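If you want the building blocks of each chain, they are given just below.
Number of protein chains: 2
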Amino acid sequence: MLAVTTCKVQSRIQAELVEKYPMVTFQFCESMEEAEAYLSRADLFITYGEDVTPEHIKAAPLLKWIMVLSAGMDKMPFKEIEARKIMVTNARGIHAIPMAEYAIGMLLQTYRESKTIIEYEKAHKWGKSLRMNELTGRTMLIVGAGAIGQELGRLAKAFRIKTIGISRSGTKKEYMDVNGRVDDLDEYLSEADIVVSILPSTKETRYLFTESSFKKMKDDAIFLNMGRGDVVQDTVLMDALHQRQIAYAILDVFEQEPLPAAHPFWSMERVTVTPHHSGVSPQYQPRAFEIFKHNLDVFLNEEGDYQNVYDWNRGY
Amino acid sequence: MLAVTTCKVQSRIQAELVEKYPMVTFQFCESMEEAEAYLSRADLFITYGEDVTPEHIKAAPLLKWIMVLSAGMDKMPFKEIEARKIMVTNARGIHAIPMAEYAIGMLLQTYRESKTIIEYEKAHKWGKSLRMNELTGRTMLIVGAGAIGQELGRLAKAFRIKTIGISRSGTKKEYMDVNGRVDDLDEYLSEADIVVSILPSTKETRYLFTESSFKKMKDDAIFLNMGRGDVVQDTVLMDALHQRQIAYAILDVFEQEPLPAAHPFWSMERVTVTPHHSGVSPQYQPRAFEIFKHNLDVFLNEEGDYQNVYDWNRGY
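Residue numbers (the numbering used here), protein chains in the order written: chain A, 230 to 545; chain B, 230 to 545.
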């Protein structure tokens, strides 16, 4: 069995895989370009999911499984993979810890005026009279109450935050005080001090947040998007901010990434832009390969259940 | 009974006090200067504790009680108050929520490189490759495991942090995985990723952290001081940073406040200076006056126990 990586894998993890799975040949390539020579014999791709084209699928007639070390599947060649019934597993869930830390950190940074304090620090200015706000006791609408949303909900509960979890089904999710359906999103918007989108990019979520959504929000609400950028049109969000329908936007994801240097978001006073890094963590690969190893055991032993098998119909 | 304030009290709170306590005359002055005309008849001062001199005590022969809307008692005229057996109550504990939020926010800001990301944002730079660290799973040494330390410990546990609480007695404190005595502080320093000082300024805590303390710490440790500045000499901390005995210092309190504009801390790369604002919160006065009202009920009805009576011998 030949497993081909198309990205740099930490050397500690490479050594562990080679030792633990002598029946598997690992070809550790650091790019798809480098990997192309091995595709014709590959049973398994290990990729971040942004470099696989329909041609690569055709070039790999033995391919049975693609492990995507990420959660976003937007760039995967869906048709070719489904036609061949190739299993795709991903790293959904491992972003939960850094993304929940990102959200709490960015909210505290915003409520406690960190940008201004950092300016003061540069100017050697003792800005004691600056007003601060508290995160404690707020109401947080978590749009996308999956693994990441629930980890955020867990931390939010420690800050005595009321959590409203929104999911497709609206069923009871852990760490949510209230549960609602995506279709009923509008009903919950007016109650939230903080609206967090963790939605993937699917047909249903594209431009889910409309002009009318922002009109329903509190004028001191913070909108934080760490899901996918196309959940709201840039112009809609900019208008909502200009018209003070909401107070602040914390944006880690954008319709176009990298965010173009000329984009207005960069210099808007009540926007913080971060470079789609909410999921970045030194623990990223170790956690992703824990899922991979579990699935490889199932694959080799034909026993047990796979984790994180991607369902193209459901879209996650 | 005459109660004189020496600081601005929120109008909503003024109205509530006047309505609830018709038997008390409230003289709402916004400064000690303004209050001086009323001292000779005052039974009670309500102050932030930084404006009371021995002369003010002498000028108030009827004074029975001073409510300090703060926790720091460093500037109170101890001798005169004790000689007259005037009761002092303070607002110890109400800083717990904002200070715990400050600590978690600043640690996340540091681990997730917020200063650099804010620089990138200004330059419209998509800095995706920046390394991030996680707060989750660290070991936190909380030096001063009182009300604030325990609130921080509570949040830290949500981040799956191992908490070591240090107090004078070393007795078991809430949310602490390990409890130690101040006298044994040295034993715990080498284990901590994060060392938080929340100590008040007392004879025992002055310059408690020495050169040898920082040598014992991990070289990637973060030192966060939100207690009092004189727990460490500036030069000792600067040397520890220059010699890379620790990685970073987050400082909200200083030997001299406001921190002089020429002080090296302002521009040191691995230091963040904040203007003694960790306890600032819009909920500050509402929470402080909850304690005051409780104590006023005890005072008027001569029934029940006072909260937060200051003990000059213990020093808190």
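Hints listed in this document are in silico derivations from the structure and should not be mistaken for laboratory results.
Certain hints may be false.
Identical chains share a label here; the pair holds if one copy fits it or two copies do between them.
[What the hints assert, rightly or not] No more than 25 Å apart at the CA atoms, straight line, and that leaves these computed lysine to aspartate or glutamate pairs for DMTMM-like:
(1) 386 <-> 363
(2) 249 <-> 311
(3) 354 <-> 280
(4) 401 <-> 363
(5) 522 <-> 265
(6) 444 <-> 303
(7) 357 <-> 484
(8) 357 <-> 498
(9) 432 <-> 265
(10) 354 <-> 272
Note that the coordinates shown come from a computational prediction; the quantities given were computed from them, not determined experimentally.
Here's how the hints hold up against the structure:
1. Taking the shortest Cα distances, residue 386 and residue 363 sit within 25 Å of each other both inside one copy (14 Å) and across copies (20 Å).
2. Proximity of residue 249 and residue 311 under a CA criterion of 25 Å is satisfied in neither setting, with 30 Å inside one chain copy and 72 Å between copies.
3. In this assembly of identical chains, the alpha carbons of residue 354 and residue 280 lie at most 25 Å apart only when taken from different copies (24 Å versus 48 Å within one copy).
4. Taking the shortest alpha-carbon separations for residue 401 and residue 363, neither the intra-copy value of 28 Å nor the inter-copy value of 29 Å comes in at or below 25 Å.
5. Proximity of residue 522 and residue 265 under a CA criterion of 25 Å is satisfied intra-copy only: 24 Å inside one chain copy versus 75 Å between copies.
6. Taking identical chains as interchangeable, the C-alpha atoms of residue 444 and residue 303 are never at most 25 Å apart, the minima being 29 Å within one chain and 50 Å between chains.
7. Taking CA atoms no more than 25 Å apart as the test, residue 357 paired with residue 484 passes between copies only; the shortest distance there is 16 Å, against 38 Å inside one copy.
8. Proximity of residue 357 to residue 498 under the C-alpha cut-off of 25 Å is found in both arrangements, the shortest distances being 21 Å within a copy and 22 Å between copies.
9. In this homomeric assembly, residue 432 and residue 265 never come within 25 Å of each other (Cα to Cα): the closest approach is 32 Å inside a single copy and 70 Å across copies.
10. For a Cα distance limit of 25 Å, the shortest separation of residue 354 from residue 272 qualifies neither inside one copy, at 61 Å, nor across copies, at 39 Å.
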